[in-house]
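Trainee: Spelled out from the first residue to the last, the chains are:
Number of protein chains: 2
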Amino acid sequence: MSEMVRIALDAMGGDNAPGEIVKGAVQAANEDGRIKLFFVGRQEAIAAELEKYTYHPEQVEIVNATEVIETGEPPVMAIRKKKESSMVKALMMVKEGRCDAYVSAGSTGATLVGGQILVGRIKGVERPPLAPMIPTASGASLLLDCGANVDAKPSNLVQFAKMGSVYMKNVLGIDRPTVGLLNIGAEEEKGNALVKEVFPLLEHCPDINFIGNMEPKDALSGKADVIVSEAFAGNILLKSYEATAGILLREVKSCMKSTLKTKIGALLIKKKLKDTLGKFDASEYGGAPLLGLNGLVVKAHGSSKAKEIHNACLQCVTFKEQRICDQIKEIIRVKDE
Amino acid sequence: MSEMVRIALDAMGGDNAPGEIVKGAVQAANEDGRIKLFFVGRQEAIAAELEKYTYHPEQVEIVNATEVIETGEPPVMAIRKKKESSMVKALMMVKEGRCDAYVSAGSTGATLVGGQILVGRIKGVERPPLAPMIPTASGASLLLDCGANVDAKPSNLVQFAKMGSVYMKNVLGIDRPTVGLLNIGAEEEKGNALVKEVFPLLEHCPDINFIGNMEPKDALSGKADVIVSEAFAGNILLKSYEATAGILLREVKSCMKSTLKTKIGALLIKKKLKDTLGKFDASEYGGAPLLGLNGLVVKAHGSSKAKEIHNACLQCVTFKEQRICDQIKEIIRVKDE
Chain A
86 MSEMVRIALD
96 AMGGDNAPGE
106 IVKGAVQAAN
116 EDGRIKLFFV
126 GRQEAIAAEL
136 EKYTYHPEQV
146 EIVNATEVIE
156 TGEPPVMAIR
166 KKKESSMVKA
176 LMMVKEGRCD
186 AYVSAGSTGA
196 TLVGGQILVG
206 RIKGVERPPL
216 APMIPTASGA
226 SLLLDCGANV
236 DAKPSNLVQF
246 AKMGSVYMKN
256 VLGIDRPTVG
266 LLNIGAEEEK
276 GNALVKEVFP
286 LLEHCPDINF
296 IGNMEPKDAL
306 SGKADVIVSE
316 AFAGNILLKS
326 YEATAGILLR
336 EVKSCMKSTL
346 KTKIGALLIK
356 KKLKDTLGKF
366 DASEYGGAPL
376 LGLNGLVVKA
386 HGSSKAKEIH
396 NACLQCVTFK
406 EQRICDQIKE
416 IIRVKDE
Chain B
86 MSEMVRIALD
96 AMGGDNAPGE
106 IVKGAVQAAN
116 EDGRIKLFFV
126 GRQEAIAAEL
136 EKYTYHPEQV
146 EIVNATEVIE
156 TGEPPVMAIR
166 KKKESSMVKA
176 LMMVKEGRCD
186 AYVSAGSTGA
196 TLVGGQILVG
206 RIKGVERPPL
216 APMIPTASGA
226 SLLLDCGANV
236 DAKPSNLVQF
246 AKMGSVYMKN
256 VLGIDRPTVG
266 LLNIGAEEEK
276 GNALVKEVFP
286 LLEHCPDINF
296 IGNMEPKDAL
306 SGKADVIVSE
316 AFAGNILLKS
326 YEATAGILLR
336 EVKSCMKSTL
346 KTKIGALLIK
356 KKLKDTLGKF
366 DASEYGGAPL
376 LGLNGLVVKA
386 HGSSKAKEIH
396 NACLQCVTFK
406 EQRICDQIKE
416 IIRVKDE
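Protein chains in written order, with our numbering: chain A, 86 to 422; chain B, 86 to 422.
The following block holds chain A by itself, in its conformation from the complex:
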């Protein structure tokens, strides 16, 4: 039997905690016997949720944590002061090697800070990027960095490209994943000082398969498996994409409900439309890993439902089985030293 994958879940983080966190994680554990869940948070609240489901008791443990870090709290302060919070206790379990992975739908800032301070970076990794999968017209691409490190340096982006390539190769099974640089034009001379400096570095980096600049339309069409960006622009890309999709789908829905005629039309299209648009559902990918740490730290959307948490837990299994941390260590250390 293969090794267990021990996941520390911040049971109190996110808009739908602990209900959806417990539901999604238990589903994943029932599906995959290698998963061992540690629900970190308020004992009674977690136990009450767990009572609703059937599961193998040896796959589930509760770790009591009396404090909760709220979304609005200044992250550094929160991580330093709230030692009894679900987030800090869950992160410490990864740091101390008692867990392989951490999953939270709570404060992004606190997870990013906590991941770096408590779990710690792999030696040689300058900045750990937040790396969500984004659904594209032709599949999905990994976008990094999408918000962990603002004001990045060129060498940071080269590391993002390497780590992203390791991820796409091993987690998604893509041979020689293509790497694109997010930019505001396709030609090499386009862009700001940062991307102009990064372009030749990526071009001459032997560990990656660089294919050039990506405008948002190229990135969202899926022209590259890995999209490298500094955090500010990457975050704007991701959030614009989510916001536009949200606005347009709301408009389409409200239009379909507007008259009797359109309601009948909607009935005929609904199922097919749902299937078609399903592939743009980011929750399929189960949160974004913070790459380059001594353990897996996964940030799920604040609004995550059971499905995203379920997928986040399954992602942890692949991440461990494919030894992503070791492979990142290798590509960063060996090649950079």
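No lab work stands behind these hints: they were computed from the structure.
Take the hints with a grain of salt, since some may be wrong.
Repeated chains share a single entry, so a pair holds when one copy, or any two copies, can fit it.
Said to hold, decoys possible - Straight-line alpha carbon distances no greater than 30 Å define the calculated DSS-like cross-link-like pairs of lysine-lysine that follow:
1. Lys390 with Lys275
2. Lys338 with Lys166
3. Lys308 with Lys254
4. Lys390 with Lys359
5. Lys167 with Lys275
6. Lys356 with Lys168
7. Lys342 with Lys308
8. Lys357 with Lys281
9. Lys275 with Lys166
10. Lys302 with Lys275
11. Lys281 with Lys166
12. Lys414 with Lys390
13. Lys275 with Lys168
14. Lys357 with Lys338
15. Lys166 with Lys356
16. Lys108 with Lys180
17. Lys302 with Lys238
Given the structure is predicted, the values throughout are model-derived calculations rather than measurements.
Here the structure of chain A is known, so what remains is to put chain B in place on it, guided by the hints.
Mentor: Then chain B, alone, in the frame of chain A:
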């Protein structure tokens, strides 16, 4: 009778030139007797297009230009060398006061460079931003800078806020237009070094109605009339928005065509859906002005059809009648000196 508004059209610029350029501009002239069109480009090609329409001859002139600046050409070189191009000749007509405005669907880079070098900046304007209207869930907002000046300084962004406010007040008639700063979080302490420095400057700027940071979802919901950004992030926002809308609408359309059932459904919804999504059609706004120059320079999409050119010409009338250049001179000079 009010003064004529003289527009120099780059008749050779864009994917659909000169056909759609001539068509759209003539439509605008027929609608508004104050418009005087100068079609700059290859005499015979323009004349051949003009033959298709009825118009008042005193409203239309052809200015022969033998060269064309292509989209791929390095902009600075193209503007310097191709003195006989439609773009350079049209821009010179604005510089020399023979025209009030310039409209082109050609190379963005060449229009930006040519606008700055040939037409020139208003005294005191540090960087002229490209300022498109973007359709939002609740109307439309002005986004600036969306690509003219990368690596901007904080003081540039304060000027963008002022110029954008002048534009929205006078062109759109919005009293005390709200100004938001594009950012990756809502709180004041969020963002990169640039936006952190800009935030207090905007907060304490007496000429504008600053309402805080805008994440993409806020910007695209229409929370602020003016969205201030440096060019790289602004361009990523705009392009992501356009790309996402394009991808999703293609998916919805292809889904509707997929089976007999969905085709019938589509027939019932089509008209309503077109109306609903029509408000997200950027061509309604007729291109993006490059603000802060000694004259109006409007960049229309490369793929512009007659409708966008028509609207761009009408925009020129409002721009002149509302004395936008004078008002920008005033807000930049008086307040900055």
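Trainee: Against each hint, give a clear statement of whether it holds in the structure.
Mentor: Each hint, compared with the structure:
no.: 1; hint: Lys390 with Lys275; in the structure: between (40 Å within a copy, 26 Å between copies)
no.: 2; hint: Lys338 with Lys166; in the structure: neither (45 Å within a copy, 53 Å between copies)
no.: 3; hint: Lys308 with Lys254; in the structure: within (16 Å within a copy, 41 Å between copies)
no.: 4; hint: Lys390 with Lys359; in the structure: within (18 Å within a copy, 33 Å between copies)
no.: 5; hint: Lys167 with Lys275; in the structure: between (45 Å within a copy, 22 Å between copies)
no.: 6; hint: Lys356 with Lys168; in the structure: neither (48 Å within a copy, 58 Å between copies)
no.: 7; hint: Lys342 with Lys308; in the structure: between (36 Å within a copy, 25 Å between copies)
no.: 8; hint: Lys357 with Lys281; in the structure: neither (44 Å within a copy, 46 Å between copies)
no.: 9; hint: Lys275 with Lys166; in the structure: between (45 Å within a copy, 21 Å between copies)
no.: 10; hint: Lys302 with Lys275; in the structure: both (16 Å within a copy, 27 Å between copies)
no.: 11; hint: Lys281 with Lys166; in the structure: between (41 Å within a copy, 25 Å between copies)
no.: 12; hint: Lys414 with Lys390; in the structure: neither (33 Å within a copy, 53 Å between copies)
no.: 13; hint: Lys275 with Lys168; in the structure: between (47 Å within a copy, 24 Å between copies)
no.: 14; hint: Lys357 with Lys338; in the structure: both (14 Å within a copy, 11 Å between copies)
no.: 15; hint: Lys166 with Lys356; in the structure: neither (49 Å within a copy, 58 Å between copies)
no.: 16; hint: Lys108 with Lys180; in the structure: within (26 Å within a copy, 67 Å between copies)
no.: 17; hint: Lys302 with Lys238; in the structure: both (25 Å within a copy, 27 Å between copies)
Checked against the numbered hints given earlier, the structure breaks hints 2, 6, 8, 12, 15 and satisfies all the rest.
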